[in-house]
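Please build the complex by placing chain X on the supplied structure of chain Z, with the hints as guidance.
Listed here are the chains, written in short residue letters.
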Amino acid sequence: MMHTKEGSMEKRSMAQSPQRSPLASIAKSDVPQRGDEKSDDRFISRATFASIVHQLIQRVQMPGQLDVTISSWWNGEVRWARNSVVSSSDRRDIQVGVMRRVNGFFGQAITNQIDESSLEALMQEAEYAASLRAGVSYPEFHAPYVALPTPSPKIWSDATVVASSEDRNKLAHVLSNGAEQKGMISAGYLETRGSSYMRFIINDDFIARLKSQPVEKALAEIEKAIPYHAYTQAHCSMTVRHPKGTGSGWAGLSGFDWSQIDAGALAEQALDKCLKSIDPVRIEPGRYTVILEPQAVSDLLDGLMYPKTSTEPLSRIDTERGQGPFVDSYDSALGLIRTRLGLRVMDDRITISHDPMDPQLGIIPEPGLAPVTLIENGVLKTLWYERDYAVVDLYESNPALRRVAYRMSGGTATIPEMISTTKRGLLVTRFWNLRVMDISSLLMTGVTRDGLWLIENGKITRAVKNMRVTESPLFVLNNVEQLGTPVPVFRPAANPFESQLTPAIVPPIKANDFSFTSTIDAI
Amino acid sequence: VYSRRKFLECGVTAAAATIASSAIGSVTPRPLLAQLGGKPEPVPPIQDPRLQKLVQRAIEAATAAGATYADVRLVHTRVRLITVNASNFEWMTVGVRALVNGFWGFAASPVWSFEEMARLGTAAVAQARAAAMDKTRPMTLAPLPQVANGHWDMPIEIDPFTVPVDEVVDYKSSIQLYAAKLAAARGYRFSAQNAQCMFVAQEKAFGSSEGSYCTQRLYRSSGGYSWELGNGTDTVPLGAMDYLSIAGVGWELYRGQPLRDYTDLVIEEGIEDLSLPKKPVEVGRYETVWDASSVAHLASATLGLATEADRVFGYEANATGTSYITDPLQMLGSYPIGSQLLNVTANRTEPGGVMTVKWDDEGVAPEEFTLVKNGVLTDLSTTRESAGWLSDYYKKAGVSPNSHGCALGAQDIVGRGMNLPLSSTPNLKIMPGSAEQNFDSSVAGMSKGLAFRRIKFDMDFQQSNGLGVPERVYEVRNGKRVATIQGAGILFRSTDLWKSLIALGGTSAARRFGMFEMKGQPPQWPYHSVTAVPAVFKDITVVDASRKA
Chain Z
1 MMHTKEGSME KRSMAQSPQR SPLASIAKSD VPQRGDEKSD DRFISRATFA
51 SIVHQLIQRV QMPGQLDVTI SSWWNGEVRW ARNSVVSSSD RRDIQVGVMR
101 RVNGFFGQAI TNQIDESSLE ALMQEAEYAA SLRAGVSYPE FHAPYVALPT
151 PSPKIWSDAT VVASSEDRNK LAHVLSNGAE QKGMISAGYL ETRGSSYMRF
201 IINDDFIARL KSQPVEKALA EIEKAIPYHA YTQAHCSMTV RHPKGTGSGW
251 AGLSGFDWSQ IDAGALAEQA LDKCLKSIDP VRIEPGRYTV ILEPQAVSDL
301 LDGLMYPKTS TEPLSRIDTE RGQGPFVDSY DSALGLIRTR LGLRVMDDRI
351 TISHDPMDPQ LGIIPEPGLA PVTLIENGVL KTLWYERDYA VVDLYESNPA
401 LRRVAYRMSG GTATIPEMIS TTKRGLLVTR FWNLRVMDIS SLLMTGVTRD
451 GLWLIENGKI TRAVKNMRVT ESPLFVLNNV EQLGTPVPVF RPAANPFESQ
501 LTPAIVPPIK ANDFSFTSTI DAI
Chain X
1 VYSRRKFLEC GVTAAAATIA SSAIGSVTPR PLLAQLGGKP EPVPPIQDPR
51 LQKLVQRAIE AATAAGATYA DVRLVHTRVR LITVNASNFE WMTVGVRALV
101 NGFWGFAASP VWSFEEMARL GTAAVAQARA AAMDKTRPMT LAPLPQVANG
151 HWDMPIEIDP FTVPVDEVVD YKSSIQLYAA KLAAARGYRF SAQNAQCMFV
201 AQEKAFGSSE GSYCTQRLYR SSGGYSWELG NGTDTVPLGA MDYLSIAGVG
251 WELYRGQPLR DYTDLVIEEG IEDLSLPKKP VEVGRYETVW DASSVAHLAS
301 ATLGLATEAD RVFGYEANAT GTSYITDPLQ MLGSYPIGSQ LLNVTANRTE
351 PGGVMTVKWD DEGVAPEEFT LVKNGVLTDL STTRESAGWL SDYYKKAGVS
401 PNSHGCALGA QDIVGRGMNL PLSSTPNLKI MPGSAEQNFD SSVAGMSKGL
451 AFRRIKFDMD FQQSNGLGVP ERVYEVRNGK RVATIQGAGI LFRSTDLWKS
501 LIALGGTSAA RRFGMFEMKG QPPQWPYHSV TAVPAVFKDI TVVDASRKA
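So the protein sequences, as listed, match chains Z and X.
Under our numbering, the first residue of the first sequence carries the number 1, and numbering increases by one thereafter.
Under our numbering, the first residue of the second sequence carries the number 1, and numbering increases by one thereafter.
Since the hints were derived computationally from the structure, they do not count as laboratory data.
From the three backbone atoms N, C-alpha and C, an ideal C-beta is built for every residue, glycine too.
Heads up, a few of these hints could be off.
[To be verified] Restraint-style ranges between C-beta atoms, simulated for each label pair:
hint, chain 1, residue 1, chain 2, residue 2, range
1, Z, Gln61, X, Ala192, 48 to 58 Å
2, X, Thr349, Z, Ile278, 40 to 50 Å
3, X, Ser434, Z, Asp521, 49 to 59 Å
[To be verified] Here are some chain Z residues the structure puts well away from chain X; computed CB gaps all over 10 Å:
hint, residue
4, Ile110
5, Ala159
6, Gln181
7, Ala208
8, Ile226
9, Met238
10, Thr351
11, Gly368
12, Val372
13, Tyr395
14, Ser397
15, Thr412
16, Thr414
17, Ser420
The shape of chain Z in the complex, shown without the other chains (with noise of 0.2 Å):
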């Protein structure tokens, strides 16, 4: 595998001859050979990572550290509605980004182009926006610089990169097949990704000694430094309609593997709970015990998780400015705001952590990334900071990256159980469209969609209109009566260049006194 081998085998005329474009390497495309480092050339390979690293140290003029993210990806996709595939693609693409940061300022650039003119274009400009001093300047390091770690998790699954067109093409003809015959309406995508990606942060010495070698031993002495990690990925996800647009479900999975995607079980999945969310009824909005399935819980969770607000509730630095809800007090002895770590924050059965090396939670390895415990039994363990804070605030080497992956603890029960012990209550299949709207308490809005039943006296007894929910992550994990087993949800990462993956593993949750503040007609 890949990413298991240290040094490399690749072949090394790529980085020796200029001649050859280096994109020639995405021009071909030959079929895959099993997660082979060497020949898979639908993204690029350590060698010409070396290469570019090495063309860019070449160009470097400005002094201050050079901070290199190399990626490259290719996706598969399949796309169908109305019971038919509408579009497959092949899609291919680089991203080389140099963050250049010259006396605390930084300047960036970016481009999709590696031959070794736009690689010196690239530089330059970097150079340029970090001499602008545009922004605000981080005091640079006092410490001496330290090279972190970067984990080596293995997310690489030769059944995601092999499977071809006319796989994720026939299995969508299936899975749209199972709901036409039920004579109900099926849209759904599947994309299968691979991809290499890399980040090297390099400081003035190590460019020094490299500007200074021959170009064999430099390209030598990169290959081994950088890191190299190539991924893989596989979505599915779908949604089964009625034609009259009186019901709607829907079931979806993401993961590293595609062998461990059962498409088969989303597709039924999906079709019985449009089945059974035919014809909702209205009932009032208020407070309702929830029984929320693991991926209304992830929804749920990016509020605390991934929020996509200015403010970060996990954020250390955030917290100590006073913004989030761990914010604890105000110290005027001492003039600080001191901040939650310590104090039981949610239900104490509830631990959320994330394990770099777990590949279930594949996420790109950084620098520095170490295994995290946020949650532990309920207590606030760990806010994020980056290297900055850590070097200069806390005299420590390590950082606690931010991450939007995570695993969160759960019980025994099952759904069943949970369903047969609850008097009245709603059944929750996802959630859609929810907003943080007050960062101090993570209070969200959003709606219900895809299946949202009533559930009486232990059981289903009808299929319930969406409803409009204002309700904090944080009030339900205090408000938990029962857990499940965890598992892995559907959570896609925003776009393909988004180097972020955001695998999550949470179980299904029950809990009480869940606000839904209005019923809206949308099925």
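Quick look at chain X alone, frame taken from chain Z:
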């Protein structure tokens, strides 16, 4: 031979004076490479005839492989983004779309070479064949007058990429500085969070197997600030400088607007807000005055997205959703979508519109069309494929069955990537009312009610119900703003809301706003402009937005 484009044109400035002189003024032209004749060379301007040969190669490969139709887009995008840091992005992409038995195949990559065009043409057909699996999907592409060889430059005043970055940074900082000084002079606390400017220049070539070939140079510019104003006890947001919202213009977005005057208005609004008494929201039904921003965002959410043909027909069902227009062929031409005062046109032609083009991503030259006439839904935004879905209606209504030219393979939020074209919301225009009313005069004419500025909308997945949360809510008594209301939101059903429209502002109160939507799988982020006037709505349900059940 080719004039080298200057990517960063910079003079020697005080800011850069401390930097090694070798880096100043010598920032290179951007030699992204095209491989047009075996030898890599800097990318020529988009009009270069050899690019047409590049496009032709992909089309030939696709047709040779059995495509009944194929089209090719070459897109070269430059982005300059200035936040706390300065960033430059540049991308070359190519996408080939091929049709086999009514199924679309698509292949995209970052390489502009003859070899790669041939590969992509073949690959797109292979994708389409895999999708078809020997079946046939009914599909008609609406007819299209072919453009044999067209070129168009979006008419902007100043190419933002000819403006030194220092000048941009200076403008960006000086507006903020001006606002801070103004606030200080009036005795208020001022704080600034985020500020950004973004400029995009995009060169596009489009060619199809039907014989169209056209090239365009498009621009979009945007900016924004996040400011707060405070006195001893309170702090209020100063809103976005939405005069800088995204538009199809160049550097004149900054240099061509009276930004100091606008800053004065923004500060005045903040001071008024701080000086008015605060009141908690009283849930109820109110007559309300909305500013142009609120009306524009409402139109986008409830009329723009809801009338995208692919959403309406269920092609987005597994992505961002469908529409409350559930039976388009019955509803078009008869469905009352709002009050008789409501007239909405759509276009991709208005100067300054962020969706403005000469040709869309299928080579269609879009013409203005009417979405809503006297409160009745009359049309949907279409592509060549989706126009065909409406042919029965168009025949009955006696109108042209052609595409409205809404095809766009939009990119990600900063302009990266190459996507399959989908139907996107075009620029919208709400027709102003006959009386010369604006926000202030509408407030002056109201005896009792509420007035809203800058409502943001949280919609459902059919654009049918929503929650609107205004940035400012005023209590109005006898034509005066007498208090600010805290925490109010409005709950509404889209079509009911437009039916409760009772007055629209006049032509001189019209303003254009740029906004984006997300759609598709994989997701794309198309932008559109909405030109709107302030409006008065009666019987609006006002709730406490952050109150739980």
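Exercise. Is the Cβ of Thr351 of chain Z more than 10 Å away from each Cβ in chain X?
Worked result: holds (27 Å)
Reported absence of Thr414 of chain Z from the contact zone with chain X (all CB gaps over 10 Å): holds (27 Å)
*Least C-beta distance from Val372 of chain Z to chain X larger than 10 Å*: It holds; Val372 of chain Z is separated from chain X by about 27 Å at its closest Cβ, greater than 10 Å.
field: Outside-interface status for Ser420 of chain Z - nearest CB in chain X farther than 10 Å
entry: holds (25 Å)
Query - Supplied distance hint 49 to 59 Å, evaluated on CB atoms of Ser434 of chain X and Asp521 of chain Z - result: Violated: the Cβ-Cβ distance is about 33 Å, outside 49 to 59 Å.
**OP:** Run the C-beta distances from Gln181 of chain Z to all of chain X and say if the shortest one exceeds 10 Å.
**Re:** It holds; Gln181 of chain Z is separated from chain X by about 16 Å at its closest Cβ, greater than 10 Å.
Whether Tyr395 of chain Z stays farther than 10 Å from all C-beta atoms of chain X, as the label says | holds (26 Å)
Verify this label for me: Thr412 of chain Z is non-interface relative to chain X, using a Cβ-Cβ cutoff of 10 Å. holds (30 Å)
Ala208 of chain Z and chain X, when compared Cβ to Cβ, separated by more than 10 Å: For Ala208 of chain Z, whose nearest Cβ neighbour in chain X is about 16 Å away, the distance exceeds 10 Å, so it holds.
Worksheet entry | Interface-negative label, Ile226 of chain Z against chain X, beta-carbon threshold 10 Å | holds (21 Å)
**Q.** Interface exclusion of Ala159 of chain Z relative to chain X, criterion Cβ beyond 10 Å
**A.** holds (18 Å)
| Minimum Cβ separation between Gly368 of chain Z and chain X greater than 10 Å? | Answer for Gly368 of chain Z: holds, closest chain X Cβ roughly 21 Å.
The structure is inconsistent with the numbered hints 1, 3, 4 and 9, although it conforms to all the rest.
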